[in-house]
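Read top to bottom, the protein sequences are chains X and Z. Residue numbering for the first sequence follows my numbering, starting at 1 and increasing by one per position. Residue numbering for the second sequence follows my numbering, starting at 1 and increasing by one per position.
In case anyone wonders, no lab produced these hints; they're calculated from the structure. Check each hint, because a few of them may be wrong.
[To be verified] Taking lysine-lysine and the DSS-like style, the derived pairs with C-alpha atoms no more than 30 Å apart in a straight line are:
(1) Z:Lys2 x X:Lys185
(2) Z:Lys38 x X:Lys25
(3) Z:Lys143 x X:Lys25
(4) X:Lys187 x Z:Lys82
(5) Z:Lys13 x Z:Lys108
(6) Z:Lys171 x Z:Lys214
(7) Z:Lys91 x Z:Lys214
(8) Z:Lys45 x Z:Lys108
(9) Z:Lys135 x X:Lys195
(10) Z:Lys108 x X:Lys195
(11) X:Lys185 x X:Lys219
(12) X:Lys219 x Z:Lys135
(13) X:Lys194 x Z:Lys2
(14) Z:Lys38 x Z:Lys108
(15) Z:Lys123 x Z:Lys82
(16) Z:Lys13 x Z:Lys45
(17) X:Lys219 x X:Lys206
(18) Z:Lys123 x Z:Lys108
(19) X:Lys194 x Z:Lys38
(20) Z:Lys45 x X:Lys194
(21) Z:Lys91 x X:Lys185
(22) X:Lys206 x Z:Lys82
(23) Z:Lys108 x X:Lys194
(24) Z:Lys91 x Z:Lys171
(25) Z:Lys126 x X:Lys187
(26) Z:Lys171 x X:Lys195
(27) X:Lys185 x Z:Lys135
(28) Z:Lys108 x Z:Lys91
(29) Z:Lys82 x X:Lys194
(30) X:Lys187 x Z:Lys214
(31) Z:Lys13 x X:Lys194
(32) Z:Lys123 x X:Lys195
(33) Z:Lys123 x X:Lys187
(34) X:Lys206 x Z:Lys126
(35) Z:Lys82 x X:Lys25
(36) Z:Lys2 x Z:Lys123
(37) X:Lys185 x X:Lys206
(38) X:Lys194 x Z:Lys171
(39) X:Lys195 x Z:Lys214
(40) X:Lys185 x Z:Lys82
Here the structure is a predicted model, which is why all the values come from computation and not from measurement.
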Amino acid sequence: MAKERNLLQIPAGMRDLLPGDARNKRILENKWTDLFTTWGYQEVITPTVEYMDALAVDTGEEIRDDRMFQFFDRQGRILALRPEMTTPIARVVATRLKKSQFPLRLHYAANVFRYDDPQAGRQREIFQAGVELIGAPGPLADAEVIALAVEALRQSGLEDFQISLGQIEVFNGLMEELPLSDEQKSKVRSLVAKKDFVSLEEMLAKEGLNDSQAELLLKLPTLHGGREVLVQALPLAVNERARQGLNNLRQVYDALRTYGVEDYVALDLGVLRGFDYYTGIVFEGYTVGLGFPICGGGRYDGLLGQVGFDCPATGFAIGLDRVLLALSRSREPEPVPVPDMLIGGDNTEKIIAVAGRLRQEGRSVEIDVLGREEAELKAYAALRGIEEVVLYRKGGDDPAEA
Amino acid sequence: MKDMLTIALPKGKLFEDAIPLLQEAGLCTKNLSEDSRKLVIRHEKERLNYIICRPTDIPTFVEYGAADIGIVGKDTIVEQDKDIMELVDLKFGHCRFVVALPETAAKKGRDLTQFNHRRVATKFPKVAESFFAEKGMQVEIIKLHGNIELAPAVGLADMIIDIVSSGRTLKENNLVAVEDIFHATARLIANRVSYRLKHQRIQPVVERIRSLVKDREVTY
Chain X
1 MAKERNLLQI PAGMRDLLPG DARNKRILEN KWTDLFTTWG YQEVITPTVE
51 YMDALAVDTG EEIRDDRMFQ FFDRQGRILA LRPEMTTPIA RVVATRLKKS
101 QFPLRLHYAA NVFRYDDPQA GRQREIFQAG VELIGAPGPL ADAEVIALAV
151 EALRQSGLED FQISLGQIEV FNGLMEELPL SDEQKSKVRS LVAKKDFVSL
201 EEMLAKEGLN DSQAELLLKL PTLHGGREVL VQALPLAVNE RARQGLNNLR
251 QVYDALRTYG VEDYVALDLG VLRGFDYYTG IVFEGYTVGL GFPICGGGRY
301 DGLLGQVGFD CPATGFAIGL DRVLLALSRS REPEPVPVPD MLIGGDNTEK
351 IIAVAGRLRQ EGRSVEIDVL GREEAELKAY AALRGIEEVV LYRKGGDDPA
401 EA
Chain Z
1 MKDMLTIALP KGKLFEDAIP LLQEAGLCTK NLSEDSRKLV IRHEKERLNY
51 IICRPTDIPT FVEYGAADIG IVGKDTIVEQ DKDIMELVDL KFGHCRFVVA
101 LPETAAKKGR DLTQFNHRRV ATKFPKVAES FFAEKGMQVE IIKLHGNIEL
151 APAVGLADMI IDIVSSGRTL KENNLVAVED IFHATARLIA NRVSYRLKHQ
201 RIQPVVERIR SLVKDREVTY
């Protein structure tokens, strides 16, 4: 019994995309592929299944082993479904592409899998598109991928979106100055990651930090806005690390102004994600009416080193499903396109010949394969919304046009 | 849409304390009444919406962004593990999480380790799990939805973990709190996207509320 029921079910967090949704996804994917190509990025496709060890590199999304779909191959090795695309691409670059000319510009559109409890915006199979710019340090590389993310979101048709831009080194620099043990610092990081600023405040007070130190750390998430943030953030430049972080943020922001995308970008030192992964610029994209980010990215100069090919890198991933969800809320659903013409009758040679010619001209043509009579065919066409019906009969001269 | 602020407020005991605070913070609180059957209250001119819902649902409304900010007890937050920002301790609605034993058992000794492998009834399985894990104890957690204090009396559980404010309910049911787990108060929470997209709107409200409650003592 149980087996029969499963025949008609799909696992939690997985979805079927029916014609309308599938088409919208394909259109968006194609649009982005074209866009990334015009910016000089080349597509890579990596396997859906890899060895667990190759995927279990710490990434910005805090994806741990227990959040992956895992299984065994017949030799007992642990396999997993990829939970994101940056690590597989890092592996490809560190092995098969390491002799290429750098910087390397790669893009992808792929499904990734996470064993999360399905909840706010989290399915277990997720479609992502993104780029990685590998082998380029410096603010121009970061600005390029951010400007490209803005352009991708703009071309998707989203009207109201914003990229929040932060710099993880400002936070890291501040942390260096705090008289806390490593254990306490990791507690601070975990509270910041959980965005529990109340507990953070309590903890800092309890650890006897002086007011100004605690205040700087607590002020961080409130620094938000345009260029003025760089001035407001000056007190945060407590050491060389934080100062360089701020400096880098300013350079990236200036470059983004040159790209003309500053209206889409807010400076926000509270964007603090993936502490063990990002090493500089970090950013997230948001749109009105969706309570979770639609894209995210940043600089990750340490990751390729972990797979034996030390090299700077920056990039982003956009949640295709999330953008589609936001779009579906802001505009009327488009009707699913139907064929231009339906051809029926019993003159099979003629029907196939005519259909073939029209299809070559780019028209969408459906052939009746059920041998239906004219009245039945017209009724069917009316239900489907197909406007033109043509019949070719054996021995008939002209087609009976409907 | 960016200038519209939606606030989620919990029905029940936190509601009465929340209203004057919002009022002091300069927000329009007209027509806000718990008895009213209206669950959504709109102030079109002020670009302000209120949602009034069950306390346990507040983190969900905020996580999805259906509400931009909300007021909810820490006791509700800890049990849910939602992706929200916790911004200000509002210092009202105090309660504590305690482990309580039947009086008779407590008299014999309050050492909880004697209760290894026993049953604990609670509305808060996550709190219970992490508390006993930290103690190195293994217990059987029985999740109930209300009237936890009943469980030891009828032999369903040997002890309970519950929130208490005055302690009267415990006493009436011959239970004794033997250990405090932590104290909880009401919190101002925010959706992480709203906090960024509507920063100009939200941040001043947060700052006003923060300065209003800054020097307040937690009322026990």
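### Message
Next pair to validate is Lys123 (chain Z) with Lys195 (chain X); report whether the Cα-Cα distance is within 30 Å.
### Response
Answer holds: Lys123 (chain Z) to Lys195 (chain X) is near 25 Å, not above 30 Å.
### Query
Regarding the pair Lys38 (chain Z) and Lys25 (chain X), is the alpha-carbon distance no greater than 30 Å?
violated, 39 Å
### Hinted pair Lys45 (chain Z) and Lys194 (chain X), Cα distance within 30 Å
violated, 35 Å
### 30 Å Cα cutoff - pair Lys187 (chain X), Lys214 (chain Z)
Given that 30 Å is the threshold and the Cα spacing comes to 24 Å, the pair holds.
### Query
Does the structure keep Lys123 (chain Z) and Lys187 (chain X) at a Cα separation of 30 Å or less?
Status holds; Cα separation ~27 Å.
### Message
Need the status of pair Lys45 (chain Z), Lys108 (chain Z): alpha-carbon distance at most 30 Å?
### Response
violated, 64 Å
### Message
Just to be careful, I want the Cα atoms of Lys185 (chain X) and Lys219 (chain X) compared with a cutoff of 30 Å; is the pair within it?
### Response
holds, 17 Å
### Query
Given the proposed pairing of Lys206 (chain X) with Lys126 (chain Z), does the C-alpha separation stay at or below 30 Å?
holds, 25 Å
### Query
Within a Cα-Cα threshold of 30 Å, do Lys108 (chain Z) and Lys195 (chain X) meet the stated pairing?
violated, 43 Å
### Task
With a cut-off of 30 Å on the C-alpha distance, tell me whether Lys2 (chain Z) and Lys185 (chain X) pass.
violated, 36 Å
### Query
Straight-line Cα separation of Lys135 (chain Z) and Lys195 (chain X) no greater than 30 Å?
holds, 27 Å
### Message
Just to be careful, I want the Cα atoms of Lys187 (chain X) and Lys82 (chain Z) compared with a cutoff of 30 Å; is the pair within it?
### Response
Cα-Cα ~18 Å, so holds.
Figure legend: structure checked against the earlier numbered hints; hints not met, in rising order: 1, 2, 3, 5, 6, 8, 10, 12, 14, 19, 20, 23, 26, 28, 36, 38.
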